[in-house]
Every structure is written in C-alpha cells, then in structure tokens.
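Chemist: My request is simple: use the sequences and hints to build the entire structure.
2 protein chains.
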Amino acid sequence: MDTEKLVDLLKEVIVDHECILTDNADLHSYSYDASFGVHVPDVVIMAKSTIEVSNIIKLANEHEIPVYPRGQGTSLSGGPLPVKGGIVLDLSKWKDKLVIDPGDMVAVVSPGVLTAQINNAALEHGLIYPPDPSSSHVSTIGGNLAENSGGPRGLKYGVTKDYVIGLEVVTPEGEIIRTGGRTVKNVTGYDLTKLIVGSEGTLGVITEATLRLFPKPQATQTLMVLFEDVVVAGKAITNILSSGILPSKMEIMDQASIIAVEDYQPMGLPTDVDALVLIELDGHLAAIKDELKQVIEVCKSVGSREINVAQTKQEEAELWKARKLVSPAIVRVKPTKISEDATVPRSQIPEMFKRLQQIKAKYQVDLVVFGHVGDGNLHPNIIADKRDHEEMRSVEKAVEEIFRAAIELGGTLSGEHGIGTLKAPFMEMELGEVGLEMMKRIKRSWDPNNILNPGKIFPEPGQRLVLTDD
Amino acid sequence: MDTEKLVDLLKEVIVDHECILTDNADLHSYSYDASFGVHVPDVVIMAKSTIEVSNIIKLANEHEIPVYPRGQGTSLSGGPLPVKGGIVLDLSKWKDKLVIDPGDMVAVVSPGVLTAQINNAALEHGLIYPPDPSSSHVSTIGGNLAENSGGPRGLKYGVTKDYVIGLEVVTPEGEIIRTGGRTVKNVTGYDLTKLIVGSEGTLGVITEATLRLFPKPQATQTLMVLFEDVVVAGKAITNILSSGILPSKMEIMDQASIIAVEDYQPMGLPTDVDALVLIELDGHLAAIKDELKQVIEVCKSVGSREINVAQTKQEEAELWKARKLVSPAIVRVKPTKISEDATVPRSQIPEMFKRLQQIKAKYQVDLVVFGHVGDGNLHPNIIADKRDHEEMRSVEKAVEEIFRAAIELGGTLSGEHGIGTLKAPFMEMELGEVGLEMMKRIKRSWDPNNILNPGKIFPEPGQRLVLTDD
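Chains A and B, in that order, give the protein sequences. If you're matching positions, the first sequence starts at 1 in the UniProt record's numbering and goes up one per residue. If you're matching positions, the second sequence starts at 1 in the UniProt record's numbering and goes up one per residue.
Identical copies go unnamed one by one, so any copy, or any two together, can satisfy a pair.
Here are the simulated DSS-like cross-link-like pairs (lysine-lysine), alpha carbons at most 27 Å apart as the crow flies:
1. Lys216 / Lys300
2. Lys334 / Lys354
3. Lys293 / Lys216
4. Lys58 / Lys440
5. Lys313 / Lys289
6. Lys5 / Lys93
7. Lys84 / Lys5
8. Lys156 / Lys216
9. Lys48 / Lys5
10. Lys289 / Lys216
11. Lys321 / Lys216
12. Lys300 / Lys289
13. Lys293 / Lys156
14. Lys84 / Lys386
15. Lys5 / Lys58
16. Lys289 / Lys156
17. Lys321 / Lys337
18. Lys289 / Lys324
Rather than coming from a laboratory, the hints here were simulated on the basis of the structure.
Modeler: Pasting the structure below:
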C-alpha cells in the first residue's frame, strides 16, 4: 500500500491527526536507536490510548503492514528499528498514568512513563521499584518491559520481569487482553505476563503494566576494593556470596576501564590494578555494619590490595562516579561503542576475563570490560570507529567470539540488552534448532501475518552480524 | 491401540521392563491425586532418563496416545489425573541428581527429588532453596515445577518459578530442548523457562532443572498476634508491609480454624478471636530485633488483642504448630477437604473475608479460612463428605461463588495450586475469551496432537465443577 493511502486509513482511527508524522525529518529521527543501522519508516504514530493501538494494529494486520513499537529508542540491540519499513508506533508520549498503591504495594503505569519516575514516585511512599538500568532516567518502562531490562541492583533484586505482575496488551491481531493482575501469586493458566515481558515487542504491544514495589531498605553502604588479579576478585565475589551476604550491587571495572576513566577525569584511581570492584550493601543499618566487616575480612583473606569504605553519602557518590564515568570516558577514545552483555555463570567470571583478554589481543580491538559481576553479567565494550570498515570487520569477528566464549562457558548471548537485530544471527548457537523452533511456533501462532516487530530476534536466512549503519 | 500392543511398543524403548506397570492394582494406585476423580490409565511407566522420556513421548505422539506426567500425586487441582486414559509417566522414581554448586549458587536436580531434600542439601552449604509448599517433604520438585508451587515464604522470597533459571524439557513431540541456563540473567529469546514452569505438564516434561539458591538468613523470629476483628488484622498486615518490613511469612487462621485446632489438640488458643496472625521475620539478628519492635508497635497501634513473641526455637516451633495442625484438625470433622487458593490483592483481604463469611452462611457449608495472608493468597477450605451428593452440590456452588468473589475483587482463581481439572471451567471468567485463546494457541502450536496432559487447564465444552469421584 502506498503511504498516502495508509495515512488516510490511519486518520480514520486516530483522533488527533497531529500524532501522525510523515515528514521526512520526522521519519529520520525514528530511523535509529542506540545500536546500529538506519531504517526509515513510512509513517510514525504517537499513540496515547489502548483503543488507538488496537485500531492501528487491526489495520496493520489486515493490510500486512509491519508495526514497530518504540519507547525512547535507547535500545542497544536494535529492538525498535523499523527494518522492514511500515509504521513506527511511538509510545513514549503516552505517560498519563503513574499510580502508586501503597496498600497493594504496586505501581500501575502507562508505557511512556520513564522508569526512574516510577522509583521516585514509589520512594514518596517508602517503597522502591528496584530495577535500575543505567538508562532509567531516559528510558521508558515500555521499552524496559519489552527488553526485560536489568541493572546493577539485579544481583539482589532481580530484573524487570521479576516485578511485573499484570499487563494490558494489544495482541498482533489488535485484540486487547489482560494478563496476570494485581496479586503477586497467580498460577491461572500459562504465564503470558512473563512471556510477553522480554519478547521485544514481537508478541504484543504493552499498553499498561502493574509492577510490584518493595519496602525501601533502611540504609546503604558502599565500598571499593582493588585487586591485582581478576581471578582473586572472582574468588572474593564468590566467597562474599557464599558467606550469606547478598549485596545490592557488585560492579567490576577492568584495568582498561580504570585507565579510560583516569584519562578522562582523574579521580586518583590506581591504574596498575587488574580490577576494581564496587560493592553496595543495603538493608537494616546494624545488619550492613556487620556485613561490611565480613566483606572486608573476606576480601583481605583472599588478598585484595586496597579497600576504600565510603564514610559519608558524598563519599558513596564519589565511589560510584568512577563506574558511571566508564561509558562517557571510553567513547572519548573512539566514537563507536559496541556494548555487549554476554553473561556467564558466576564461577566462570575469571575464565571469561581470560578469554576476553585473548580476544582483545587476537583481533587487536579496543576492549574494556566492566559490569554487573555479582551475577556474571559483564559488559565487554569495544571502542571503534564505525566509519572505518576494516576495523569494524575485526570488531564483528571479536564480538562473535565473545558470544561463542560466553556460550561455551555455560552462559548466554544476552543478560539484559536483548537480541533485537544484532544478536539474531547467533540465536541457534545458544538455543539449538529445536529450541529456536519452539519460540518461532509461539510467534507464528500469535502473529500469523508477522506484523509485530518483524526482523527481530529470529535470524533471517543467512543473516550475519553487521556493525555498520549502511 | 489396544494396551497389549502399546506395551509391546513401549518395551522396545524402555530398558528395564519392570518399569512398565499394567497390573490392575498398580493402575488403580495411579488413578487419583489429592483432588477429585478416579481415572485409571492403560499403562504406567516409571521413567528414569531423558532419552526414555523422549522415546515414550515420540511413540505416544506418533500414535496419539495421551501422556500424563506425575510426581508424588499431591496435586490439589487434578494436575496428574489421567482423565483420558493412556500412559501415566511416573517421574517420582527418578531422583539420581541433586547437585549443589555453591560457587554458582544453584542446585541441579532430577524431577523425582523431593523438594525438602533440595533445601536440606543447600543448607549444608549455608544456602537455602526458598520455596516451601506445605507438602515439600512428600512432593517432588517435578510436580512443584509443573504447578509453580508456592508456600508461606512466598511473601518475601517468591514462588517456585522465581527460582528456576534453566530446564531440560522433552517437548510434546519428544524432542529434547534446554531453556535458560546457569545464569540468573538471560534475555535470549522468549522465556520458555517461565512459560513451562506452571504449565501443569501440558507443554513439556521437565527432565532436569537448575534452581537458584539464596544465602541462608542469619536468624528468624516468630510472633503470634490475635485480633478481635479480621479487618483490624488486615490493617496491621498492610501497615507492617508499608513500614518497610518484609516478613518471611505472614499466615492467618480464622476463628473456625482456631476452634478446629483447639478441638483437635488443645493448645490454649483463645477461641473467641476473629483472627490469629503468625509472623516470621528473618535476616540479620540485629535487624530482626529492631523489626520485631516495629511490628509489635504497629499491631498495638491498630488495636490487636494480644501478642505472643517466641523466646526460644522451641517456642517458635510451638507457635507454628497451630498453623500446621489446621489441615489434620479440619479433616477430623468431615472426611473431604476442598482446599482452594483463590487469591486477592492485599488491600482486598478484609473484603474477601467478609464475602467468604457470606458464602458460608448462604450455602450452609463448613468453611474455614487460613493461609498466606501477606500476599493475599488465602486458603478457604470447605469440609464435607463427598459421599453426600446433596451436600457436595452446595459445596460446588459455594466454591464457584468463592472464585467469582476473588475475580470481582481483582484477584485470581489460583495463587499456587494450579488449574488442573478442577478450575478449568472458570478459566474464561478470569481470562476472557481472547486471553484463553492466546494460551490455547501456544498449546496447539507446541502439541498439535494434544497428547501431553490432555483435559487439563482448558475447559471442555460445557465442562462444570464436579466435586465427586464418580
């Protein structure tokens, strides 16, 4: 169907015609996300109600037009890219509902609400919404739900999916369903809630979510521990966890990350250590005092080089600043950051570090490693220049080898960023042919015309990793 | 196919022919579970390996013979009942693997391992497997996985599903797949792990599971609080949770439960109170001391009648004994216990109690209410005699009205017992036609010949609740 006719049909179901964008400049601003590739849609609709979404999808399904749901476009895996043209369904403007119910300890939210706003609203009632992706101040809950976003607090509190107890969803045929509800426990039939969260917009458009909240921990305590050997750091992490302590965060930075940060904004970090581990304890004040002692003992006993305990809230913030600066620091070196999130079982972290160093040497790539080490969710980041096609070919090979290493060590392609377009070529490597086929069966049975976010998760025949925008 | 021919075919794929049961007495011992109905299978196989399960299911799929996976048969909803005859696949004898890996903080288990054994094995490493269904000393992890079992600790720690990170599964076509893995975070494709857990054996047979373990809390503290009004108890529960305290357990017993226990085994409980709430705090010793003070303050401030704090481990056990005696106490009154688990949002607990009392009066049934009040997961139990068909008709009506009340109050048919045969007739009431259809699509796409646990979850045309064995 030509765009003009499509727009005419859309105007019949969209009340506010200004929510339909067809201008070239507008279309281009919806053609990319925080990963790779530029794909211009035919039309963008800023949807603001369930009935609108339902009507748009019914129309799209009838005419077999691809629909690409989108939040703020912070995806690192290509989730919202309109790779087959069609309609981009921008849900980021739909933010009218953010209700905290302290009695039921839930939040009910519209898809366009920013994730950090949910936590802020919960805090007013002495509650928290634990999932804390680094992008939470700019990313929408809708995007977080589609990708099942994680974050540092995942170690103790789990990821987005662990907090979703109910959804309103528009199916790929435009029908409106409700999954789960307002109760924490629910075993009535298949768990569609947890199937849809993390399905990257391929099984339905989430139009409302009911999220669990948790009591706010009384206090937090941060410490920074330096290690001359990443294997020793790995041992410390395992020993802390098996001593009965579950920190709220355990983040690692490798030597390359530390050097990048010191070059960017000197903080007095020693650049000759192999690893820096940031630990946050949370909970009751007396408990974390005691746990702090134990953590220090464990670290010393395995042979840490230096331990720095934050004495004030300001010192706590200072320590976390180092971790926050990694991303801005590394993109100063080269403009293109390939941010992976291959995840391995905790016991394999030292081996994964070794493999990453080998890959770095083999392909001569600028690799830095940091991330959520407590749950094995590392972030190997390669810094490159995407205009340099030769360099990008090496990067592609290095990335593929990173995935292969993670899977060989019993891990997974993605801990929290999702598959999208970028990791689709590697799905079968992890899941096997039948495993992938069972996922495809669900997709086909729900979306027979393949209109919802087509071109994602499932590899196209012969698809390979391409880290350029061309 | 006649049974003789089926057994001949099975003998070709089962190494140990003594694992094939066809004797009438044997078949009858597999004809029931802890719910209602007697259904005799054609043959029982005690399977002990993945390849055996795969071969059995391939055979069954080819010849369109129903297969009913079964653990210890403690299901309260009819999960393992062979309602269409065929093969019962007894997995309770397959218990060879129970490996605790303290480094990765996981347990890897065979389906026939008893749930309590997993927790006991974890404790040896200072870890716990938190899900604690009341039946955990007799029920298998395979059954718990199929039904997504809960338990008192669900309030703080969640249910079975929250602890499953990887599965080996035989599909309805006999293919072997692995879902998830050994990492806590995994967003590679659809979450088949959480889809299969709780699917009541209709989407696959779980042949191995990887379960998360948690650090063992340092200490526990139990207290019993008596209330003259269940509404006041509800207020106390909400206020405790919103004051930043998350107890590990919060169990309620209504007056009828207390009276039943006192009649059965006098413990000195006051029989004139409206509700008794048992609370367990766990965590760091200093933290729970402090939390105990706060809980007492909250209870007093809303107007509790009496608070009894356990001073020793023995007193703690004494207090919990009251709760444990409810089930044996009530079946002494009449032989048939209809144990429901309708669950409502926490704020609706007082209203649900009111509705339950109205239903009790309307249908003149022996109704007692107890359960996991902290998460709204009540257990309204009706005591009757299933041989009295007239009484059972009233019970059926009462049960239906309990489901209706739970759904009206924003709750669900089942918090932890599953749908099975018993609640299938009410599925559409909660899910709507399209919601149910989306579940059916998954079932059809995975199990085109409908051989895995047919007759469960999804209602047959015109199916209604029948609480007799005929």
